[in-house]
Structure formats: C-alpha cells, structure tokens
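Peer 1: Now for the letters of each chain:
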Amino acid sequence: MISLITYLSRMNRKVKLLIFALSTLLITVITVLFYIRITDISLTEINPQNEYSYNSETKNKKIVYIGVISRYPPHIIYQGYQPLLDYLSACTNYKFELKLSDDYNSAVTNLINKEVTAAFLGSYLYVKANKQYGIKPILKTLNEKLEPYSRVALIVKYGSGINKITDLKNKKLALPSKESFSANWILKKEFKKYGIKEQDIKLIQHFPHHQNVINQVLKGNFDAGVVREQLLEDYKNNGLKVIEYSEPIPTPPLVVAPQYDKEVIQEIKNALLEISQKDKIKEGITRNWDKEFIYGFIEANDSDYNYIRQVYK
Amino acid sequence: MKRVKTSLKTKIVVFTGSVFVILLLLISITLLFQWRSIIIDKEIKSNFAVTKTFAVSAIDALIYQEQTELQKENVLETYVDNFINRIDNVKFVIIYDPAGTLILARERSIGNNFHSEFASATRKMTKDEICSIYRHNQFGWIMEVSIPLSIGGKIWGFSRIAYNVEPIRSEIKNVFFLLLGSTIIITFLTLVVLYYFSYRLTISLNDLVNEIDRINLISESDSIDSSETIIKASSQNDEIGFLFHRFNKMKKRLEKSKIELEIAQKQIYQAEKLASIGRLASGVAHQVNNPLNGIKSCIYAIQKEPENLKQTNEYLELINEGLNNIETVVQKLLGFARQEHNHKTKIDINESIQKVINLLDYRLKDKLITLNLNFSSNLPLIEFDYFLFQEVIMNLLLNSFDAVSQNGKIDIKTEMIEDRLLIEIKDNGIGIPKENLQKIFDPFFTTKEVGVGTGLGLSVCLNIIESYGGTISVSSIQGEETIFTVVIPIRGENENINN
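Quick mapping for you: the protein sequence lines, in order, are chains A and B. Counting from 1, one number per residue, gives the positions in the first sequence under the numbering used here. Counting from 1001, one number per residue, gives the positions in the second sequence under the numbering used here.
Okay, chain A solo, but in the shape it has when bound (with noise of 0.2 Å):
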C-alpha cells in the first residue's frame, strides 16, 4: 500500500488526475450497480408446512363422515378435530371427514339419520340421547391423569366480587346449550345445593359455545359463567378467576346408532384406543388435537354415565 503510495506520488500531475477521474467513474459506477441491486427486492421464499402430517393416500378409500356436537366454532373444530380425522383416515381402510351440526341436537339427528357414523357427543347429551334413541357409547376420552374424567368450572373475572355461587344473585350468567353438562350443572345441581332459584339471577343467557361464554365474560357482559375445565387452560393469563368446580364427571363419549357398521367402528376403536399407550403420545401424534383427546380413549359403557342420569333425573 505505501509502495503504491509512493509510485502513484511519483507519477506525473496529468497522469493522477487521469487515474483520479477514472477511479472516480469507477465509483460512480460501482455505487450505481450496487443502488440497482439494492431496490431489486425480488424473490421467493416457501415455507414447507411443518404440521404432523400422515403419508397416507387417501383418494380411492370410502368416505366416513364423523359427527360432533357444536361445542366450539367451526374453525376450532376442525382445528381440533380434523388430526384426529387424519390420523384415522392414515391408521384405518377409511377416509373420515367431519360433519359439524349446526345445534346439539342436530348431532345426534345426523346419527340416527345415519348422515354420520359415530359422534362426538357431550356427557349429558348422551344421556338424553340415550334415553330417546338407544345410541351407545364406544370410546370416552382420557384426561392428563390418564382417567376418564373430567370437570366443568364456574369463572368470574378478577375484581368483579363473586367469590362464591350465593353471589350470584342479581348478576348476569352466561351458559353454553341448554343441552350442554356445563349449564345443567349450575342450574340443576349447584343453585339447589345453595338455594338459589333462576329467578334471582339477573339474566341467564345460552351461547352456542363454550368461547362464546368465556368472551361474554372477559368483556364484562356478564358477571360469570360455566365452561369445560380444559378449555380455561388458554385463558389462564386474561384476568379470569375459577370459584367452583364441579364433580369428577365422565369425559364425552364417541357414540354410534343402534344399527352401526361394526367393521368400521372395530378399526375406529383399534385406532384410539393406540393412542392411550405412553410411547404415542410422546411421539407427538396427538400434539395439534383438540385437548380433550391428546391422552387417548379407553372403551365406554352406558353404565358409566349413571351418576349423570341420578343427579339430573
């Protein structure tokens, strides 16, 4: 560099001034390829889906249409619900797809009208239904504990000054369907443990599903509300507080019609009851489930849902 130095110093005035003028062009151009290629933002950029996929080839298999009550809105459904569809669709000679109702009561229409094979069904609407239709209990869901129960839990918000059922009266209730274990529970079972009738509730009002009761509350429309245990889990951090939590009670049943394929049923079964077994759970099969059945099922009998049918009789 000092060489160069020295041998440029040595060089003659014209000759400096050509190799300044030249170098200064270079610059110029060099800076105006760079601005060029700077404001070129061109390109492509893919991200592959990460999502626990099944290699499955599902094309020529016969299609199975699997009910479920509507519990949640239907994106969150099939957010939950549809790995779960997947994966049997994977383990199994069928392809299942989901059919959403648009009630309660419509899921287990559909059933009986044999539009789906087996349905997702609440505990209490099973009960019901059991009553009216005969329909049967094949597989009920495992919670972290690896039992089949589960619970329904009375929420209020932080500073709202409901810390117990009796202060309820003269305040705004917010409930999930009519047909739903959560609403029979308060009203059925909890105001006449405390004495409290629905007339001394201020308002009591019935959403189609369990988010829509946990938004009415975080908004401040209503004073509390009653949802499934499980789902709190997400809403930990927003500022609602559990005062009540009802009785261990029999986690949901997948449910058939009295009449039902056996074949299929026979590989839906084989197909969860896998999923029980430690080892498949670790491997992240149930990671993007709906909650209620990352630990798997374990078979169900009628006879489970006998406290259901005492304490609602």
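No lab work stands behind these hints: they were computed from the structure. Please read these numbers as outputs of a predicted model, since none were measured by experiment. Keep in mind that the hints are not guaranteed to be accurate.
Stated by the list, open to error - Simulated crosslink set (DSS-like; lysine-lysine; CA at most 25 Å straight-line):
no.	chain 1	residue 1	chain 2	residue 2
1	B	K1266	B	K1256
2	B	K1154	A	K269
3	B	K1154	A	K61
4	A	K172	A	K192
5	B	K1355	B	K1409
6	B	K1011	A	K14
7	A	K61	B	K1124
8	A	K136	A	K178
9	A	K62	B	K1127
10	A	K291	B	K1154
11	A	K219	A	K157
12	B	K1127	A	K99
13	A	K99	A	K114
14	A	K99	B	K1052
15	B	K1009	A	K14
16	A	K114	B	K1154
17	A	K16	B	K1009
18	A	K61	B	K1127
19	B	K1448	B	K1434
20	A	K145	A	K236
21	A	K62	B	K1154
22	A	K99	B	K1154
23	A	K16	B	K1011
24	A	K291	B	K1052
Starting from the known structure of chain A, fit chain B onto it as the hints suggest.
Peer 2: Just chain B now, kept in the frame of chain A:
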C-alpha cells in the same frame, strides 16, 4: 536540502484514510444488507400474519357455505371485498378450490381486465406457504403470499394475496441514501481530522528537520556558549517532544566528540611534525656542522697568527657569516616546529612552497636532486593556515626525496583550473605498487622501516586538505614516477572551511 517526494503526511492521510474508508464501506454495506433483510423479513412476517388471519375467516366462510349449501361466492365475496377495502396495501386477492380452479378474484383497482384475466385460470395446488416479491406489469412491486386454506388434512382451497411493497422499496432507498450520505460525510470528516493530525505531526518533524539542518557542530574555540546551539525543544509531551529531547542530548555528545577529535587531530599533527623534524635532523646537523667547522678553522687560524690583523678581520667576517647561517637554519627549524594552528591568513602558495624547499635545500644537494619549479604567476591568495599548508608540502616533498635516488628529479607545478588551485608534485622515484595505492592515505600505513616512518604523514595531509574542502590524489607507475595532485577550492568550500 533534498525535497521529500512523498511526504509522511500524504502517506498517513492516504493509507489511514483508505483503510478507514474501506472499513466504513464494508460496515455500511453489511449494515445496508442487514437493514434491507430486516425490512423485507418484517414485511413478509406482517403479510403472512395478515394472510393467515384472512385465511381463518375465509375458512370459516367456506365451512359456513359448505354447511348451509349457499353459493360459495356470496359469503366469500363480501368478506374479500371488505378485506380489500380495509387493508390499504392489498392489491388483489384470488382464491382457488383444492383442484386449482378459480373461485374468486378481486383487485383494488377497478376498470381493467384483471378478473377476466384470471377467471379461467387454474393453478396447481400447493400445501406450502409461498411468498414471492416481484415486479408486476400492472401493480408494480408486489409481495404475493400464497397459503393453503386448510386445517389438518381438510383442504378448502388456497389463496393468493398481493401486497404493495413499493413503500418498503422506498424505505430501502432511503436507507441506501442515508448510509451513502453518512459514509461520504464521515469519510470527509475523517480525512479532514487525519489531515489535521498528520499536519500537526509532520510540522513538528519538519521543525526538527529544520533544526537539524541548522546544526553546526562547533569547534572548541566556539564552544563558549553551547546553550545557543540547543534545539528549541518541542512543547509536545509526546514522542515528538521526546525525539527533540533525545536529539539535543545526541547533539551535545557529538559536540563533545568533535572537540575530542580536534584535540586528538592536533596531537597527531604535532606528532607528525616532530617526526618530520626528526627526518630533517641529519640535514640540519650537516647545515650547522659545516659553518661550525669553518668557524673552528677560522678560530684556529686567528689563534695561530693573532698579530695578522688583516687575516683576523677577514676570518671574523667569515665566522660572523657562519653564525648567521646557523641562526637561519635554527630559525627555520623553530618556525616549522612551532605549534600554531587554525590561524587562517591569506597565503601565497608559490611563496609557501618555496620556503619549504629552502628548508629542504640540503636534501636536494645531498642527493644531487634536480628540482624543476613550474609556478603559475597569477595565482590568487587563498585562505589557509600557513603552518598546516607548509606541513602538507613538507610531507609530500619528504616522501618524494625519500623515493628518488641519487641524481633524481622532482617537478613541482602550480596552476589555476577554473575556481580551483592545483599543486602537482611529480618525482621519478621508485613509484608505489598498485596494491598500495588505495592504502597510502590510511593512518599508520607505511612501507618504511620501523622507526623511520610513522605512517601518519599522508593521512594527516589528506585530513588537512579535506578540512579545507580540497582533495589529494595519487597516480604512480612503479619504477618510473609518482604524481601527487593537491586541489584546493578557491571559493565556496574554501571560504566556508569551518563548515
């Protein structure tokens, strides 16, 4: 003083400046690409987020239509129209079914053939999320985000949404010009600062160089007030100041050495002079002896015939003449041996040489040497120490006398050549071997027997002549001749001999 072609200042400014500018450019370019990447990534993430949010509602709409068996476009169209109207930077939205057939296409600008252009279009379904930025003929720079409308294995179709990315391109342009401007300004400021500091540095060094140029190592006689010669030290408390300080110390040591050298030189000169006197001694003794013998003979004759007054008077005159001769010889000898130096006077070269020849007269006669003098008559007087000049000539002539044999010949010539005075002493003696020609001016080099020569004669001559800015050269043909040529400048160096 020789002028510096590439100054230290230039080197510092160009080298440091170049390194700094290159580093600055690299940093700026890295920063620019990083910034550009952040801007684009942020836009991609933002548009992906908007598209995914759109997809949730689009899927809801498609599910709803699936359930209620309404015409799909009824719900979707309303939703997509609202989406385009609410999100300013959306250029168009296209939705395909899983088979890749167009379901719906909407654009922001109305009044063109966009819809018909895509109405019959099909596109291959992909389950991957794709983002591409490109320049569209109609919409300019757009970012097209394509994602499947699916949940798990259930696919309702896929959407393509184009977003306007001209603003982020403008942002990148602004960043480019900002960094370019900053780089230019910082470079300019850096070069100015570098120039200033290098100027400060080099001006101190230039001061030092100027002071060095002014240095005149003083002689003993001038060293009365050495404080005057101390270089004005730099006030900087840094390496330059330190350099000044050390240089002053070195200069003092040099001055001391110079004085010691001068003393040593004088001692050598004197020693050599005494040696020359030794070499003269035999001749001098002869010159003194001859008159003494004459005087003794006269005294003997006077004592033998004291009554012969005529003879007595005649012999007394002879005695007086002999004593005068002895006195003359002794005076000449004393004059040569006297220690007087550095007394510059205007001297006549020819006359000075003649005086030395007179002193050596007996040697000429002793060896019957023929001496040819070819003195130029128009020589100017020169500034020289009379005694030092005589010492030089004495040494050269003694060497010639030693070199020539009986009946030998010595030619002495003086002349002016331009502004230089030339003295040439040529003898037809034994000559000097070629291998010794380079060595004869070395101190203590002699070919004479031990005790005869000191080996300092020619060295001292050279030293004296060079101190007056002159030269001595020698040429010799062995067995034939030897020529010593002394050249002394008349002006310039001769006038500034002390320098």
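Peer 1: Could you run down the list of hints and mark each one as holding or not?
Peer 2: Structure-based check of each hint:
Taking the CA atoms of B:K1266 and B:K1256, the gap is about 16 Å. The hint holds against a cut of 25 Å. For the proposed pair B:K1154 and A:K269, the alpha carbon gap of about 22 Å is at most 25 Å, so the pair holds. Between B:K1154 and A:K61 the CA atoms are separated by roughly 15 Å; this keeps the pair inside 25 Å, and the hint holds. Pair hint A:K172 plus A:K192 holds up; C-alpha atoms about 18 Å apart against a cutoff of 25 Å.
A distance of roughly 19 Å separates the Cα atoms of B:K1355 and B:K1409; the hinted pair therefore holds under the 25 Å criterion. At most 25 Å may separate the alpha-carbon atoms for a hinted pair to count; B:K1011 and A:K14 meet this at roughly 20 Å. Taking the CA atoms of A:K61 and B:K1124, the gap is about 23 Å. The hint holds against a cut of 25 Å. A hinted pair counts as satisfied when its Cα atoms are at most 25 Å apart, and A:K136 with A:K178 qualifies at roughly 21 Å.
For the suggested pair A:K62 and B:K1127, the alpha carbons sit about 23 Å apart, so the restraint of at most 25 Å is met. Of the supplied pair hints, the one linking A:K291 and B:K1154 holds, its CA atoms being roughly 19 Å apart against a limit of 25 Å. Between the alpha carbons of A:K219 and A:K157 the distance comes to roughly 9 Å, so the proposed pair stays at or under 25 Å and holds. The straight-line distance between the Cα atoms of B:K1127 and A:K99 is roughly 23 Å, inside the 25 Å bound, and the hint therefore holds.
This hinted pair checks out: A:K99 and A:K114 have alpha carbons roughly 12 Å apart, not beyond 25 Å. Distance restraint check for A:K99 and B:K1052: the Cα-Cα separation of roughly 24 Å lies within the 25 Å cut-off, and the hinted pair is therefore satisfied. A distance of roughly 22 Å separates the Cα atoms of B:K1009 and A:K14; the hinted pair therefore holds under the 25 Å criterion. For a cut-off of 25 Å, the pair hint linking A:K114 to B:K1154 stands: about 22 Å separates their Cα positions.
With a C-alpha separation of about 18 Å, the suggested pairing of A:K16 with B:K1009 holds against the 25 Å cut-off. For a cut-off of 25 Å, the pair hint linking A:K61 to B:K1127 stands: about 21 Å separates their Cα positions. At most 25 Å may separate the alpha-carbon atoms for a hinted pair to count; B:K1448 and B:K1434 meet this at roughly 17 Å. Restraint check for A:K145 and A:K236: the C-alpha separation of about 20 Å stays at or below 25 Å, so the hint holds.
For a cut-off of 25 Å, the pair hint linking A:K62 to B:K1154 stands: about 16 Å separates their Cα positions. The straight-line distance between the Cα atoms of A:K99 and B:K1154 is roughly 12 Å, inside the 25 Å bound, and the hint therefore holds. Distance restraint check for A:K16 and B:K1011: the Cα-Cα separation of roughly 16 Å lies within the 25 Å cut-off, and the hinted pair is therefore satisfied. Under the criterion of a C-alpha separation no larger than 25 Å, the hint pairing A:K291 with B:K1052 is consistent with the structure, at around 22 Å.
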